[in-house]
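Visitor: Construct the complete structure from the given sequences, taking the supplied hints into account.
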Amino acid sequence: MITSFELLLTTAFIAVVSAALSAFVGVPVGFWLSSISPRLGRIVSAVLTVPFLLPPFLIGIAINAITRDLTINSTIGIFLILAAHTIMNAGFIARIVATRTVGSELVDAAEIEGASRLQIRTQIELPQLLSAVASGAVLVALYSATSYGLILTLSDGQVRTLETQIAISALQRLDLETAGQLALMQTLLSIAMFLSVRKFAAIDSSLTEIQTSRLRAGWPSRFIGLGFLAAVLFTLGSVLNRSNWGDGLLTNLGNLASKGTRSMLNISILEAAGNSLRNALVVAIVVVPIALFMARKKAPSLLAVMPAGISPVVFGLATLAIVGYLPRELTSSWLLLPLVQVLFALPITYQILHPARNGFDSEQREAASLDGANWLNRFWWIEFPQIRKAVLLATTFAMLTSLGEFGAASFLAFGSNETLPLVMFQLFGRPGGDNYGMLMVAASSYILLTAFIVYLVTLPERNRNPRH
Amino acid sequence: MKKLAALAIFTLALTGCASEPVDTTTVRLATHDSFVMTDEQIAEFEESTGYQLELVKVGDTGTLTNQLVLTKDAPFADAVYGIDNTFLSVAQENKIAESFDEINYGDVCFNYDAEWFEATKVTPPTSWRDLGNEEYKNLTVISNPILSSPGMAFLITTYAGFESKAETFAYWRSLRDNGVKIAPSWSDAYFTEFTRYGGKYPIVLSYASSPAAELVNGVENSKALRDECFRQFEYAAVLNKAKNPEGGKAVLEFLKSKSFQEGLAWNMFVYPSSDVELPEEFKSTGAPANSTLGGDLDFAANRDQWLKDWSDVFDN
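Residue numbers (my numbering), protein chains in the order written: chain A, 974 to 1441; chain B, 2 to 317.
Mixed in with the good hints, there may be bad ones.
To be verified - Simulated coverage check for chain B against chain A, where a stretch passes if three residues somewhere in it have a Cβ under 8 Å from a Cβ of chain A: (1) 55 to 61; (2) 66 to 77; (3) 187 to 201.
To be verified - In silico lysine to aspartate or glutamate, EDC-like type, Cα no more than 20 Å apart, as pairs: (4) K73/B - E247/B; (5) K1232/A - D40/B; (6) K73/B - E1302/A.
Note that these hints are calculated values from the structure, not bench results. For every residue, glycine included, the Cβ atom is placed at its ideal position computed from N, Cα and C.
Guide: Encoded structure:
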């Protein structure tokens, strides 16, 4: 039997090594990104951001499309998980690097002093980047310690982490005591990681525009950059390519309205997508006002970002545990899941809205206040127009969070209330007949939707504010 | 604190809006993934009772039972079908329903791909006891007893089939060393790993009735090993705290009705518990087992230890 200490070690090992690999790959990719033309850089960095925004279970499905024929043992399983985490997160680290390039004056000055490119990189640039990259890496570790869906889809049950054993203890062995103990360990681990992020410099939104550096990228950076881009394109491309699986794209598209081979699904992919969209709307409608409210103060709120440090699987288990004490109308309704998902969406929503609400000139608001405008008028006429873009962004991200959420949904959504990730996971488990083709079409649609959102979000602003 | 209070009020306000009247026109039946009921049967049920039937399939028997136990305070269905005798004690101890009615039975045993054995000239096994032998290396797929009821049924067979625990252990080690494949569920084992469905394993843990499904133009493409099988009974019940208990009762009555019972053999490849005529194919190719084993063991008392023993063999 595997002890809970071994589970903790496996989970921590996967998290730490994934973070190290993502940083190791992401830093040179970032150097490369900031050395190519701004136009190309924007497109490439948008492509590299797509895996970061995809839900972990979908990255698992994508990598599995390539490695399907492998027989998975625990070693290969861990290797695949690490590779998947790197493909998912190195682009995020690269963006952090590429948004903080060293100013060209500094590079000029250093060159006049006779510094080589390597010296500028190692002695000026890296020390400046260190805290931001370290902070990003800890976040990657946190994501990698809570990527339940990815582990399930990639390891064929051969790799056991705290999250997989929480689910097995609760759902398969009805051993809530063990599940609770493991959930506590999982939470201590992820909260510890989360708190250590807070000690470093705060991370800017990973979607700010990348900057061009005067510094040319050396061949290792270019090599790793091109190689990583190829890996991301290959992974996403293999899913898109397989949407033609079986009887072809059109049949697979048509099957999205069916319940799969031998009617194994409770609801079709389309119905599940409808449920997920409905949940995502509820999440956005609830979470954005809460985040706006919490963001009104200058001091950052730990409470608002704390849920980022807790695994959705733990939230799912905890919700099941308290379900008997909640009103019946809520617990037997589809609303339970989106209300739980509000907690997962709060950190990202808050992190987008907090700087936006505190970032602008407050003189106008104060002037309006003196003129006797009430808070609603002040908010609607003065503040809202200035933060509209941030609200839109926050709404989008809140919806994306809910759309891809797998861990809590697997505990809380049944039958006609199942969500898109759950139904896709069922198809993944029974790939026979039409099911695999349906899955690939659904996964492709998800990837294209995410890519489209990234494209919209990273579009350069047309009428840039001239005020400086 | 103010923040928390505001949050709480907001959430409460929202749940207030959400309270919908209890829907008594729909009745929800929780069941396992292998459940099949024809459209005609559904229509018959809906017309005769006025309820609309919603099926909620929740994985295998074990997952089904456990999910119902975990959500028993707010069940996601009104009735359940498909809890078997190996999981019945779990359902009873946790009081998910007042009483359980037997609906059907099936015999868990190994099937082999007759075509494959003919083509390769390998002599087919005659008993599950042969499967650790060299000639069947890497040929057998079973389903995980932790997750699936046929897997559990076979595990019980092996405890009943030997004099001592040491012999049972030795048998499982011989299976492990002979490259037995462990699939997460019966559907995975049968529809993904079995050679008749494109898999690599010509021997699969399934049911005595399964060969009836592989009968094509009178040719028996698969055969069952009908001795020393495990007889699995399946039960249905109205769930405690069901939103629509009346509807749940109507479903339970329908599951016991002649119409449903007569369809069981071809719909789900199980034998009806009530006294209805079996189709011809289920008297020959897919007939019940010649002999059964293990039905008298105490599942509730031993299940955890059996699974732990099994994990000890396969985890190390």
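Visitor: Now, for every hint given, state plainly whether the structure supports it.
Guide: Taking the hints in turn, this is what the structure says about them:
Only residues whose C-beta sits within less than 8 Å of a C-beta in chain A count toward coverage, and the region 55 to 61 of chain B has 5 of them, enough to reach three; the restraint holds. Check on the region 66 to 77 of chain B: 9 of its residues sit with their Cβ under 8 Å from a Cβ of chain A, so the three-residue criterion for coverage holds. For the region 187 to 201 of chain B, the stated coverage by chain A is satisfied: 6 residues place a CB nearer than 8 Å to a CB of that chain, which reaches the threshold of 3. At most 20 Å may separate the alpha-carbon atoms for a hinted pair to count; K73/B and E247/B meet this at roughly 18 Å.
Note on K1232/A and D40/B: the hinted pairing holds, with a Cα-Cα distance of about 14 Å set against a maximum of 20 Å. Our distance criterion of 20 Å between C-alpha atoms is met by K73/B and E1302/A, whose separation comes to about 15 Å.
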